[in-house]
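Asks: The lines below spell out each chain.
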Amino acid sequence: MGAFLVRKAAVTEWIRSLAREQPLFFPQPVGRSGFRFQPLREGSEVRFDHYRPSVVPPGRQLTPAGEVLFRYRTGEGGVPGFESVLDASPRILAGVRPCDLRGIYLMDRVNREGRDDPHYLTRRANTAIIACDCLAPCDDFCFCETVGSLRWREGADLFLTSVDGDFLVEALTPLGESLLPGTGFARCEDVAGLRARAEEVRVRPFGRHFALSPERIAAILPGLWRSPVWENCGQRCLSCGSCNLVCPTCYCFDIQDDFDISDPSSGDRRRNWDGCLLPNFAEVAGGHNFRPQPSARQRHRVKRKFEYLVGRLAEGSFCVGCGRCGRQCTVGIDIFDIVSELVAVAEPPP
Amino acid sequence: MKPKVAFFDFAGCEGCQLTILDCEDLFLDLLERVDIVEFREALSETAPRFDVAFIEGSIHREEDAERLREIRSRSTLLVTLGACAGLGNVQARSNFLSPATNFRRVYGEEELNRVQADPEFWPLWAHTRVRSVKEVVPVDYELRGCPVVAEEFLHLVKSLVVGTVPHVPTVAVCVECKMQENECVFDRGETCLGQITYGGCKAVCIGHGYRCDGCRGLLPQANLEAHRQLLRDKGLDESRILERYRLFGSAEAWGRERRP
Ligand code: SF4
Ligand code: SF4
Numbered sequence: 028m029g030a031f032l033v034r035k036a037a038v039t040e041w042i043r044s045l046a047r048e049q050p051l052f053f054p055q056p057v058g059r060s061g062f063r064f065q066p067l068r069e070g071s072e073v074r075f076d077h078y079r080p081s082v083v084p085p086g087r088q089l090t091p092a093g094e095v096l097f098r099y100r101t102g103e104g105g106v107p108g109f110e111s112v113l114d115a116s117p118r119i120l121a122g123v124r125p126c127d128l129r130g131i132y133l134m135d136r137v138n139r140e141g142r143d144d145p146h147y148l149t150r151r152a153n154t155a156i157i158a159c160d161c162l163a164p165c166d167d168f169c170f171c172e173t174v175g176s177l178r179w180r181e182g183a184d185l186f187l188t189s190v191d192g193d194f195l196v197e198a199l200t201p202l203g204e205s206l207l208p209g210t211g212f213a214r215c216e217d218v219a220g221l222r223a224r225a226e227e228v229r230v231r232p233f234g235r236h237f238a239l240s241p242e243r244i245a246a247i248l249p250g251l252w253r254s255p256v257w258e259n260c261g262q263r264c265l266s267c268g269s270c271n272l273v274c275p276t277c278y279c280f281d282i283q284d285d286f287d288i289s290d291p292s293s294g295d296r297r298r299n300w301d302g303c304l305l306p307n308f309a310e311v312a313g314g315h316n317f318r319p320q321p322s323a324r325q326r327h328r329v330k331r332k333f334e335y336l337v338g339r340l341a342e343g344s345f346c347v348g349c350g351r352c353g354r355q356c357t358v359g360i361d362i363f364d365i366v367s368e369l370v371a372v373a374e375p376p377p
Numbered sequence: 609m610k611p612k613v614a615f616f617d618f619a620g621c622e623g624c625q626l627t628i629l630d631c632e633d634l635f636l637d638l639l640e641r642v643d644i645v646e647f648r649e650a651l652s653e654t655a656p657r658f659d660v661a662f663i664e665g666s667i668h669r670e671e672d673a674e675r676l677r678e679i680r681s682r683s684t685l686l687v688t689l690g691a692c693a694g695l696g697n698v699q700a701r702s703n704f705l706s707p708a709t710n711f712r713r714v715y716g717e718e719e720l721n722r723v724q725a726d727p728e729f730w731p732l733w734a735h736t737r738v739r740s741v742k743e744v745v746p747v748d749y750e751l752r753g754c755p756v757v758a759e760e761f762l763h764l765v766k767s768l769v770v771g772t773v774p775h776v777p778t779v780a781v782c783v784e785c786k787m788q789e790n791e792c793v794f795d796r797g798e799t800c801l802g803q804i805t806y807g808g809c810k811a812v813c814i815g816h817g818y819r820c821d822g823c824r825g826l827l828p829q830a831n832l833e834a835h836r837q838l839l840r841d842k843g844l845d846e847s848r849i850l851e852r853y854r855l856f857g858s859a860e861a862w863g864r865e866r867r868p
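In order, the protein sequences belong to chains Z and V. Taken in order, the first sequence gives residues 28 to 377; the numbers are from the numbering used here. Taken in order, the second sequence gives residues 609 to 868; the numbers are from the numbering used here.
Calculated from the structure, these hints are not laboratory results. All figures in this text were calculated on a predicted structure; none of them were measured in a lab. Backbone N, C-alpha and C define an ideal beta-carbon position, used for all residues, glycine too. It cannot be assumed that every hint is accurate.
Stated by the list, open to error - Selected chain Z positions facing chain V (in silico; Cβ < 8 Å):
hint, residue
1, Arg43
2, Ala46
3, Gly61
4, Gln88
5, Val95
6, Cys264
7, Ser289
Said to hold, decoys possible - In silico DMTMM-like pairs for lysine to aspartate or glutamate, Cα to Cα no more than 25 Å straight-line:
hint, chain 1, residue 1, chain 2, residue 2
8, V, Lys810, V, Glu846
9, V, Lys810, Z, Asp295
10, V, Lys610, V, Asp630
11, V, Lys810, Z, Asp114
12, Z, Lys35, Z, Glu140
13, V, Lys742, V, Glu846
14, V, Lys610, Z, Glu103
15, V, Lys612, Z, Asp287
16, V, Lys842, Z, Glu258
17, V, Lys610, Z, Asp287
18, V, Lys610, Z, Asp361
19, V, Lys612, Z, Asp290
20, V, Lys842, Z, Asp166
21, V, Lys810, Z, Asp285
22, V, Lys842, Z, Asp290
23, V, Lys610, Z, Asp290
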């Protein structure tokens, strides 16, 4: 696959030209501090340098809130007919950072586990990803390096690395390659040298670090079921669910049916984002709730990210270290702090 | 037979009924499914019995409470429309003042003297207490918001018509904010009641640059202790906090609690 060294202005121009051909989602500022992956329009800014993680991760474009899964219609003799709704329209996610790229990679795995999820996978198959490296942490909440996301590249079709003011543009897949013709970018031979140059200027250590590796964290968690840490954050938690909904690897959903008022024999089934911190999440028929206390919900979340899914799919960590949940929790509950406390209790520093 | 539906208003601005009338195209489809037998905003008929009674407005005087009980006795289901019927809304803040003080604030000393001296002038001025509908009669469903959300109204009516259980959101406004990808009000340096308030509104206020003031009511699981501490940390004093909690929910527990 090709690699190119390109002036920043030319990269910007190329992104703009891609956006004229198909929807291209690029992080754009909202309000004072937020970012949103939105379709790039004429006149929108294309900047790579002042990014902070978007309110919701780019991967959420692959499971939009309230997406229709299928439509139904009752035909002759009351026989229902179903029509699956799959979105195969092409799109590009650009400016995706390594943490979110790993998030999408993990969601790819989840949606292929057991029975394929055709809704996710159809969107995914028609989505090209232009990722972009981070050479400095986005802010104080970031901890991507310690969970193994910082140098993540799998899942990207093109990968951009800033090198001394220019961009190293690497095509990682044929799909990525197909977005380059006509650009006239100059091929570059010394990819290794340029990458080494970027690595040299990368901030070290990068963001916050756990005292233990993700593997060790997964190993100590089973012994911490009764830790007071859960109750402590449970008391402060407002059960607003924000931490779930902004997470690149939270994918739980709720299903609702709706019918047309003009013809009640036809309608659709939709799915909406859900989250395990929401109080009724674990409520089942008959009204029993398996996790009525916020502390139990907090424990569940942490164990999902650092133990359960990690074991099931043999991945290092399901938390990608983007820092969104801690950044957006209004009462300052940060999964990095929770895990650090657990680590300190289980393996006190010598 | 089409279900009979009736609308009644008590103390409120009738904005909820107008919101419903406003979704004209849907409303016409709806008329195919239900018979509207009473609706002051749209018709003048009336009926002895109905399947669903929608109540808008808060209950102020004993004669209003009587009328409400009478409506309840004629209807199979009773649904409140909006924050006035559901929570008492802003008018319930007068519950914390004596009727005379309240009257003076609004109309002045002279009018107060007159209303107290002349029984003919405004006989019912000193109402008892502003109540939400559920304080007077049992309520089957609550449509929240100030005003209600037209889609939620439609969803409820559709469910009642075909006999399915309506989906009533019991999650915080924050969930809606995230779905709309709003910048959090706290990140703008302001404070918000979204975390403890029923969602279902698509976070419209926040999406338009304001904050959540809690018009949809306090979530049953709300961690008020922690939320109050958060507002304190953001620099609000106790009286400001109480004011914020009481704005829409004065007839509710969170408005009434006096804990410092
Ligand atoms: S964002 Fe914070 S307050 Fe809200 S549910 Fe998550 S931990 Fe609790
Ligand atoms: S703005 Fe308010 S409702 Fe929205 S996320 Fe923040 S606290 Fe929640």
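Asks: Are the hints correct? Go through all of them and say.
Replies: Now the hints, each set against the structure:
Taken as an interface hint, Arg43 of chain Z does not check out: its beta carbon lies about 23 Å from the nearest beta carbon of chain V, beyond 8 Å. Evaluation of the Ala46 of chain Z hint against chain V yields a violated restraint, the C-beta minimum of about 19 Å exceeding 8 Å. Hint on Gly61 of chain Z holds. Least Cβ distance to chain V is approximately 3 Å, under the 8 Å limit. The interface hint given for Gln88 of chain Z is broken, as the beta carbon of that residue sits about 11 Å from the closest beta carbon of chain V, more than 8 Å.
Because the closest C-beta pair between Val95 of chain Z and chain V is about 15 Å apart, greater than 8 Å, the hint is violated. For Cys264 of chain Z, the shortest C-beta to C-beta distance to chain V is roughly 7 Å, which falls under 8 Å, so the interface hint holds. Residue-level restraint check for Ser289 of chain Z holds (minimum Cβ-Cβ distance to chain V is 5 Å; threshold 8 Å). Only pairs whose Cα atoms come within 25 Å are accepted, and Lys810 of chain V paired with Glu846 of chain V is rejected, the gap being roughly 29 Å.
Taken as a hint, the Lys810 of chain V and Asp295 of chain Z pair is honoured in the structure, with Cα atoms around 20 Å apart against an allowance of 25 Å. With a C-alpha separation of about 22 Å, the suggested pair Lys610 of chain V and Asp630 of chain V falls inside the 25 Å cut-off, and the hint holds. Distance check on the hinted pair: Lys810 of chain V and Asp114 of chain Z sit about 24 Å apart at the alpha-carbon level, within 25 Å; holds. As the CA atoms of Lys35 of chain Z and Glu140 of chain Z are separated by approximately 39 Å, the hinted pair breaks the 25 Å bound.
Annotation: proposed proximity of Lys742 of chain V to Glu846 of chain V is violated, straight-line Cα distance about 28 Å (limit 25 Å). For the hint linking Lys610 of chain V to Glu103 of chain Z, the alpha-carbon distance of about 24 Å falls within 25 Å, and the restraint holds. A hinted pair counts as satisfied when its Cα atoms are at most 25 Å apart, and Lys612 of chain V with Asp287 of chain Z qualifies at roughly 20 Å. Taken as a hint, the Lys842 of chain V and Glu258 of chain Z pair is honoured in the structure, with Cα atoms around 24 Å apart against an allowance of 25 Å.
This hinted pair checks out: Lys610 of chain V and Asp287 of chain Z have alpha carbons roughly 17 Å apart, not beyond 25 Å. For the proposed pair Lys610 of chain V and Asp361 of chain Z, the alpha carbon gap of about 53 Å is over 25 Å, so the pair is violated. As the CA atoms of Lys612 of chain V and Asp290 of chain Z are separated by approximately 19 Å, the hinted pair is consistent with the 25 Å bound. Note on Lys842 of chain V and Asp166 of chain Z: the hinted pairing holds, with a Cα-Cα distance of about 22 Å set against a maximum of 25 Å.
Using a Cα cut-off of 25 Å, the hinted pair Lys810 of chain V and Asp285 of chain Z holds, with the two alpha carbons roughly 18 Å apart. Taken as a hint, the Lys842 of chain V and Asp290 of chain Z pair is broken in the structure, with Cα atoms around 51 Å apart against an allowance of 25 Å. Only pairs whose Cα atoms come within 25 Å are accepted, and Lys610 of chain V paired with Asp290 of chain Z is accepted, the gap being roughly 15 Å.
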